[in-house]
Amino acid sequence: MAREKYQTLTEQMFYILICLTHESCGVDIMKKVEELTAGRVIIGPGTLYSLIDNFVKEKIIIETKIENRKKSYVITNVGIEMLEKEYIRLKKLKEDYELLVKGGVSNEEFN
Amino acid sequence: MKSSTKRIINFRFYRCEDMENKLEKSAAKGLFLEKIGSFLWTFRKGKPRKLKYTVTYFSEGSVFNPGITHNQQTYFDYAKAAGWNFVTQLNQMQIFCSEAENPISFETDEKEKFNNIKRCMNKSFLPSMIAVILIVLLNIALQFNSFKLNPIDFLSDSGRLFPVSMLLAVVVYEVYSLIDYFAWCKRSERAIANGGGVADSNNTVHKIVDIIFMIFIFGSSGYFLFYAAYEIGLFGLLLSVAQFPILTFVFWSSIKYLKRKKASAAINKAVSVIVLVIAGIAYFAFIMVLIIKFGFSINNDSDYRTVSWPINAAHNREYKLYSDNIPLTSEDLYGTIDYDYYSYEADTDSTVFISKSEYRQDSLPAKDSPPRIKYEILEPNFDFVYQLAKEYLLKIPEWRDGSSFRSIDNKIFGTSEAFQRYYNGPTGEYVLFFDNKIIVLDMEELVTAKQAEIIKERLQI
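First to last, the sequence lines map onto chains A and B. Everything in the first sequence is counted per this note's numbering, starting at 1 for the first residue and increasing by one. Everything in the second sequence is counted per this note's numbering, starting at 1 for the first residue and increasing by one.
Among the clues, some could well be false.
Simulated crosslink set (EDC-like; lysine to aspartate or glutamate; CA at most 16 Å straight-line) [what the hints assert, rightly or not]:
hint, chain 1, residue 1, chain 2, residue 2
1, A, K71, A, D28
2, B, K456, B, D332
3, A, K71, B, D77
4, B, K47, B, E99
5, B, K111, A, E11
6, B, K390, B, E417
7, B, K80, A, D28
8, A, K31, B, D77
9, B, K80, B, E99
10, B, K50, B, E24
11, B, K111, A, D53
12, A, K70, B, D77
Over the 10 Å line for every Cβ pair with chain B, so calculated as not near, a few chain A residues [what the hints assert, rightly or not]:
hint, residue
13, I18
14, L36
15, K59
16, L83
17, E84
18, D96
In short, the hints are calculated from the structure, not lab data. Cβ coordinates follow ideal geometry from the N, Cα and C atoms, glycine included.
Between the sequences and the hints, there should be enough to build the whole structure, so can you do that?
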């Protein structure tokens, strides 16, 4: 089920998951993503909550501890697998782009 | 100057933007939302400020929660980190505000936003809408049953037609809201699939529909209250109208009390609903007792005198003798009658469908009491009402064995159709059909040709 729903990850999902390769809490994720992308990707609090909630339900991440009301999470193997698949997909995109656009292969040749 | 003010805010749960705009405008005028109650929203007065509001839904939110839940606290923490301060909540609806000029959007993924709204609606809005529709439909079905039992009484009684028309209006409005919600879902889904956001709502259409509905409901209830005041008296009216605020108060008190006692949401909900039902029944019983004890119902602008009359050797009974004006009397039909205890009663009910006038002249029960008469004049305003009335009047219930209607000569009363009831021979019961009215005569004896002439003249046939 998880697989089907998250065939491709949105940018926000991708960034939340890569942040969670190290244990962190929700508020930290929000800040880290903003820093990492220099403000290009911003996750609103409502969206962050629903995504984390869904990821936990789908066992993509797990809750690790609650400290001062702060809940921390970390990615699971299911999540790692998903990230890996997404990474391969993105790499393929990049390669194809380079092959066709940057590498100078003309359209006739490609056909 | 009072530091706060209470307002009634009309809103739909799935239209966050309308509400956000409203709250931002209020803040710009110096009114800041503080709390949402059962009816009224409390605003604090202050210096006008530019604030941004966001209205979102949290599926765990509930009026029955004893406090902020752990997950809700996490939600608030995320909001705070993004510069959004929690203002207040009502059920699942959560309201936040921010002082920043361009705060981070609360929702940055339209699909998640939409799914979240849908999840919350499935939990509260839809079940409650469907429950209201079902309860109202059940009520309408019961009313329809009483309509089928006696369409004439039903259609001539404003006291029954008005509640039904209001119930129908509620069903139409609720169904419209449901359709509107599903249409909004479809539009949003399509928009999100095309990379857009959650759909906007069509404000003008909604406003017009809301206004029409409000005018109808307030107009009808106003008319109904006016009618009820006449029918059951001011005191009775006050008791029935007071029911709504009293029961609401009981319900909210129960919720608040259990919240203070830290009861869980499930227990609070179950107990409060039971308390509400019991209070409803108790209130109804209370009104019933008052009616039985004091009989404050029944309108009476007609004069009457009370006589005590022997019904057997040992007992007397009180009888009310009315002296209304009636168009046709026993005296007209049978000549001068020397009798002091006749009661003359007239009762007219009129609605858009039919006007019904019931007249009767009763004598007190005794062996040699003079003749009683009873007659009804029906004037249907529509052909289908005429047909319904006709069908009803000529229907012979199964239990009336050996009773039948037989056609009589139309010349006698100048009718288009006329029937006489037979029961072991002809009786004094006639059902007379004219082009646009129906007269039902209920005499103790058969009508003679001479009496028929008098009846025609008196009832202006």
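These are the hints, each one checked on the structure:
1. K71/A - D28/A: The hint holds at about 11 Å.
2. K456/B - D332/B: holds, 12 Å
3. K71/A - D77/B: Cα-Cα ~10 Å, so holds.
4. K47/B - E99/B: Answer holds: K47/B to E99/B is near 14 Å, not above 16 Å.
5. K111/B - E11/A: Roughly 13 Å between the alpha carbons, so the hint for K111/B and E11/A holds.
6. K390/B - E417/B: holds, 11 Å
7. K80/B - D28/A: holds, 12 Å
8. K31/A - D77/B: Roughly 13 Å between the alpha carbons, so the hint for K31/A and D77/B holds.
9. K80/B - E99/B: holds, 12 Å
10. K50/B - E24/B: holds, 7 Å
11. K111/B - D53/A: Between K111/B and D53/A the Cα gap is close to 15 Å, so the pair holds against 16 Å.
12. K70/A - D77/B: It holds: about 8 Å lies between the C-alpha atoms, which stays within 16 Å.
13. I18: holds, 17 Å
14. L36: Label holds. Min Cβ-Cβ 15 Å, cutoff 10 Å.
15. K59: holds, 18 Å
16. L83: holds, 18 Å
17. E84: holds, 23 Å
18. D96: holds, 22 Å
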